[in-house]
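Number of protein chains: 2
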Amino acid sequence: MGNGSRTVAKDGIDAIRAMLAAKPRPVGWAERRVRLDEVGAVWPVADDISGEPVDCGGVPGEWSLAPGAEPSRVLMFFHGGGYCAGSIVSHRRLATEAGRAARMRTLAIGYHLAPEHPYPAAHEDALAAWRFLRGQGIAAGAIALGGDSAGANLALALVSRLRAAGEEGPACLWLASPWTDLTLSGSTLTTKDADDPLIHKPYLEELADAYAPAPLDRTDPLISPLFADFSGFPPTLIQVGSAETLLADATRLAAAMGAAEVAVTLEIWPRMIHAWPLWNARLEEGRKALERAGEFVRDWVR
Amino acid sequence: MGNGSRTVAKDGIDAIRAMLAAKPRPVGWAERRVRLDEVGAVWPVADDISGEPVDCGGVPGEWSLAPGAEPSRVLMFFHGGGYCAGSIVSHRRLATEAGRAARMRTLAIGYHLAPEHPYPAAHEDALAAWRFLRGQGIAAGAIALGGDSAGANLALALVSRLRAAGEEGPACLWLASPWTDLTLSGSTLTTKDADDPLIHKPYLEELADAYAPAPLDRTDPLISPLFADFSGFPPTLIQVGSAETLLADATRLAAAMGAAEVAVTLEIWPRMIHAWPLWNARLEEGRKALERAGEFVRDWVR
Numbered sequence: 002m003g004n005g006s007r008t009v010a011k012d013g014i015d016a017i018r019a020m021l022a023a024k025p026r027p028v029g030w031a032e033r034r035v036r037l038d039e040v041g042a043v044w045p046v047a048d049d050i051s052g053e054p055v056d057c058g059g060v061p062g063e064w065s066l067a068p069g070a071e072p073s074r075v076l077m078f079f080h081g082g083g084y085c086a087g088s089i090v091s092h093r094r095l096a097t098e099a100g101r102a103a104r105m106r107t108l109a110i111g112y113h114l115a116p117e118h119p120y121p122a123a124h125e126d127a128l129a130a131w132r133f134l135r136g137q138g139i140a141a142g143a144i145a146l147g148g149d150s151a152g153a154n155l156a157l158a159l160v161s162r163l164r165a166a167g168e169e170g171p172a173c174l175w176l177a178s179p180w181t182d183l184t185l186s187g188s189t190l191t192t193k194d195a196d197d198p199l200i201h202k203p204y205l206e207e208l209a210d211a212y213a214p215a216p217l218d219r220t221d222p223l224i225s226p227l228f229a230d231f232s233g234f235p236p237t238l239i240q241v242g243s244a245e246t247l248l249a250d251a252t253r254l255a256a257a258m259g260a261a262e263v264a265v266t267l268e269i270w271p272r273m274i275h276a277w278p279l280w281n282a283r284l285e286e287g288r289k290a291l292e293r294a295g296e297f298v299r300d301w302v303r
Numbered sequence: 002m003g004n005g006s007r008t009v010a011k012d013g014i015d016a017i018r019a020m021l022a023a024k025p026r027p028v029g030w031a032e033r034r035v036r037l038d039e040v041g042a043v044w045p046v047a048d049d050i051s052g053e054p055v056d057c058g059g060v061p062g063e064w065s066l067a068p069g070a071e072p073s074r075v076l077m078f079f080h081g082g083g084y085c086a087g088s089i090v091s092h093r094r095l096a097t098e099a100g101r102a103a104r105m106r107t108l109a110i111g112y113h114l115a116p117e118h119p120y121p122a123a124h125e126d127a128l129a130a131w132r133f134l135r136g137q138g139i140a141a142g143a144i145a146l147g148g149d150s151a152g153a154n155l156a157l158a159l160v161s162r163l164r165a166a167g168e169e170g171p172a173c174l175w176l177a178s179p180w181t182d183l184t185l186s187g188s189t190l191t192t193k194d195a196d197d198p199l200i201h202k203p204y205l206e207e208l209a210d211a212y213a214p215a216p217l218d219r220t221d222p223l224i225s226p227l228f229a230d231f232s233g234f235p236p237t238l239i240q241v242g243s244a245e246t247l248l249a250d251a252t253r254l255a256a257a258m259g260a261a262e263v264a265v266t267l268e269i270w271p272r273m274i275h276a277w278p279l280w281n282a283r284l285e286e287g288r289k290a291l292e293r294a295g296e297f298v299r300d301w302v303r
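Chains as they are written, first to last, in the working numbering: chain A, 2 to 303; chain B, 2 to 303.
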């Protein structure tokens, strides 16, 4: 091969790693938000997806619909970004393709971010958005609740909040690379540190300080859902990559939910990195993970 | 309802629990083997299954084939029973229905049991049977390897043995209620003790003493595969019930295999007990678990 062949994009996860390495995470919350919108939305939404903004009881949201999807069933989605970044924009390709795989409408939620809006602002937004959706005449059993990373944390917390309020919860949960332990006690924070290109303990400490500053107790199960009482939780799919410092946040969550008699499926995907389905446009494992998530959701949302 | 209504068989797992409670595990290895053959084979093999005994290089085996199954693909199966009980007979309904779900032939192996034949006798039988099967012209990639409980332990050990010998391993692993830690360090041995009708620590200690007596080291990864190096292991489905003292043997295995870049799917089934797919004839969750196992196997065996 002639010169220049090394600059050709590699296939698969190595190409995603290269893309991320070329756009390292900056210092500063505003700069980080811009960067996550850029790396999350580096490949655009598919042409055949229709979308429109919606006010979810004071919280910004966005509907999306793929051809053939059933609009009376809804995948409600909370984006990741450590409660301090991420947006409807950064996760648009992820949410819309998840809806295609699940063959249902999606509702992505733009909840308030820390540090400007620390805990429990996101919880209040999640509850408001959930009640807005129910108010549209969508039965709880017709709703799947999904999220990645901090968005998965928020999804778990919403189910706890709904149960505490005596309100019916979603038909199922889909959690990608969940961040469940803000005490940062997972063993893979150390063992996967060199392998994970995105998430390292000092960064998580920054996020936790911003979202749940002292004197908030990070062992509070509403802040660290790993420690929650999972009784009555709906069937849950957890997907995580083997190259994640947060691997143990997922495996411990599966063990805890399963012990509480929740129907749990945990998938560990070799070589995949944090929230890899974001890059489904160029990553076969991202598309496959969404297809599996779609199958799971369709098994439980009737 | 008239008198006697309380004696009518309950549905589902409660009926299985009642059946087991009516046939408690006796003292004595011979008596235990008779009892496991009885409770495992309490419901017969389906009428449409054909089967025949086979000598697998000196190890007793049994072929089975469901209508429409592909005879050139084989699910090789190791029964459970703590390495001290269990047989082709006790697990015939399980193995044959797993083959139906996987749409392939099965080969069930009647390996030698402890205490008469302690470690590594079962490993030698497993290797001999594997090599017999390969000698029948079946490619390694056309073989799925499955087992429940101690049989799952043996399946994991066989993959380690094959890797050490430089031989190609199976296309995938299916492990139901695996017993992976003969040091008995799992937390659920305590937390699930009252919920589990079958497996309790004193019994496991008896089994471990019989199979791996001192001075054998139960931290040896060939005896406790939880501690194995899983690099290069094939895609693995682990199924476990929430009412099992061995729940943590499964969840820790999933975490360890996933960290080693194995494609792992862990399913935790609410309220299910140890090796519940045995009773698929009368247990919907048993049939569903086998159907999921069959789907998984078909994804990887080509």
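Just to be clear, a hint being listed does not mean it is correct.
[Said to hold, decoys possible] Cross-link-like lysine to aspartate or glutamate pairs, in silico, EDC-like; alpha carbons within 16 Å at most:
hint, chain 1, residue 1, chain 2, residue 2
1, A, Lys24, A, Asp38
2, A, Lys289, B, Glu39
3, B, Lys289, A, Asp12
4, B, Lys24, B, Asp38
5, B, Lys24, B, Glu39
6, A, Lys24, A, Asp48
[Unchecked claim] Label-pair restraints from in silico Cβ distances:
hint, chain 1, residue 1, chain 2, residue 2, range
7, B, Arg288, A, Arg132, 48 to 56 Å
8, A, Glu285, B, Pro72, 27 to 35 Å
9, A, Asp300, B, Ala195, 43 to 51 Å
10, A, Glu169, B, Arg288, 54 to 62 Å
11, B, Pro214, A, Ala215, 49 to 57 Å
12, B, Glu285, A, Glu285, 33 to 41 Å
13, B, Gln137, A, Glu207, 55 to 63 Å
14, B, Asp48, A, Ser186, 53 to 61 Å
15, A, Asp300, B, Ala22, 29 to 37 Å
16, B, Asp230, A, Ala22, 24 to 32 Å
17, B, Pro25, A, Gly58, 56 to 64 Å
18, B, Asp48, A, Asp49, 33 to 41 Å
Treat the hints as calculated values from the structure; they're not laboratory data. Keep in mind it's a predicted model, so treat the numbers as computed, not measured. Glycine included, every Cβ here is placed at the ideal spot set by N, Cα and C.
Status of each hint after checking the structure:
no., hint, in the structure
1, A:Lys24 <-> A:Asp38, "holds, 11 Å"
2, A:Lys289 <-> B:Glu39, "violated, 43 Å"
3, B:Lys289 <-> A:Asp12, "violated, 37 Å"
4, B:Lys24 <-> B:Asp38, "holds, 11 Å"
5, B:Lys24 <-> B:Glu39, "holds, 9 Å"
6, A:Lys24 <-> A:Asp48, "violated, 26 Å"
7, B:Arg288 <-> A:Arg132: 48 to 56 Å, "violated, 39 Å"
8, A:Glu285 <-> B:Pro72: 27 to 35 Å, "holds, 32 Å"
9, A:Asp300 <-> B:Ala195: 43 to 51 Å, "violated, 31 Å"
10, A:Glu169 <-> B:Arg288: 54 to 62 Å, "violated, 29 Å"
11, B:Pro214 <-> A:Ala215: 49 to 57 Å, "holds, 54 Å"
12, B:Glu285 <-> A:Glu285: 33 to 41 Å, "holds, 35 Å"
13, B:Gln137 <-> A:Glu207: 55 to 63 Å, "holds, 59 Å"
14, B:Asp48 <-> A:Ser186: 53 to 61 Å, "holds, 54 Å"
15, A:Asp300 <-> B:Ala22: 29 to 37 Å, "holds, 32 Å"
16, B:Asp230 <-> A:Ala22: 24 to 32 Å, "holds, 30 Å"
17, B:Pro25 <-> A:Gly58: 56 to 64 Å, "holds, 57 Å"
18, B:Asp48 <-> A:Asp49: 33 to 41 Å, "violated, 50 Å"
Violated hints for the displayed structure, listed by number in ascending order: 2, 3, 6, 7, 9, 10, 18.
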